[in-house]
Amino acid sequence: MKQLRERILRLQVWKDTSGQDLVEYALAAGLVAVAAVACMPGLSGTVNTVFTKIGSIINNNVK
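Under this note's numbering, the first residue of the sequence shown is numbered 104, with each subsequent residue one higher.
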């Protein structure tokens, strides 16, 4: 009887799709992020330069 209950519970869990939408959205967001990184390789150097300049300006003016 216990095995039957366990088997029924496994089937119910297998058919449960309540969290499926969240997983699909997370996968889609990850795919968009990977595509953005792959399409803009030259942008990272520019962003790094901008943040370095901003950091040095803040350091020079805070002291």
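Simulated from the structure, these hints should not be mistaken for laboratory data. These figures come from a predicted structure and were not determined experimentally. Treat the hints loosely; a few may be bogus.
[Stated by the list, open to error] What follows is a set of in silico ranges between Cβ atoms, one per label pair, in the way DEER data are often shown: (1) S159 with A139: 41 to 47 Å; (2) Q106 with A141: 47 to 53 Å; (3) A138 with V165: 47 to 53 Å; (4) A138 with Q106: 34 to 40 Å; (5) L134 with M104: 44 to 50 Å; (6) G133 with E109: 31 to 37 Å; (7) V165 with A136: 31 to 37 Å; (8) L130 with N164: 30 to 36 Å; (9) E109 with V153: 54 to 60 Å; (10) L130 with V153: 28 to 34 Å; (11) T152 with A132: 25 to 31 Å; (12) V150 with L112: 32 to 38 Å; (13) T152 with L114: 54 to 60 Å; (14) G145 with R113: 34 to 40 Å.
Beta carbons: idealized from backbone N, C-alpha and C, even for Gly.
Against the structure, the hints:
1. Taking 41 to 47 Å as the suggested C-beta distance range, the pair S159 and A139 does not conform, at roughly 27 Å.
2. The beta-carbon spacing between Q106 and A141, approximately 49 Å, falls within the hinted interval of 47 to 53 Å.
3. A hinted range of 47 to 53 Å is violated for the C-beta pair A138 and V165, which are about 38 Å apart.
4. The hinted window of 34 to 40 Å between A138 and Q106 is violated, with their beta carbons roughly 47 Å apart.
5. A C-beta distance of roughly 45 Å is found between L134 and M104, which places it inside the suggested range of 44 to 50 Å.
6. As the Cβ distance of G133 to E109 is approximately 34 Å, the hint placing it in 31 to 37 Å holds.
7. The hinted range of 31 to 37 Å is satisfied by V165 and A136, whose Cβ atoms lie roughly 33 Å apart.
8. At roughly 43 Å, the beta-carbon separation of L130 and N164 lies outside the given 30 to 36 Å, and the hint is violated.
9. With their beta carbons about 58 Å apart, E109 and V153 fall inside the hinted range of 54 to 60 Å.
10. Between L130 and V153 the beta carbons are some 31 Å apart, a value that agrees with the proposed interval 28 to 34 Å.
11. Look at T152 against A132: about 27 Å separates their beta carbons, and that is inside 25 to 31 Å.
12. As the Cβ distance of V150 to L112 is approximately 50 Å, the hint placing it in 32 to 38 Å is violated.
13. The hinted window of 54 to 60 Å between T152 and L114 holds, with their beta carbons roughly 57 Å apart.
14. In this structure the hint that G145 and R113 lie 34 to 40 Å apart at CB is violated, the actual value being about 50 Å.
When held up to the earlier numbered hints, the structure conflicts with 1, 3, 4, 8, 12 and 14 and fits the remainder.
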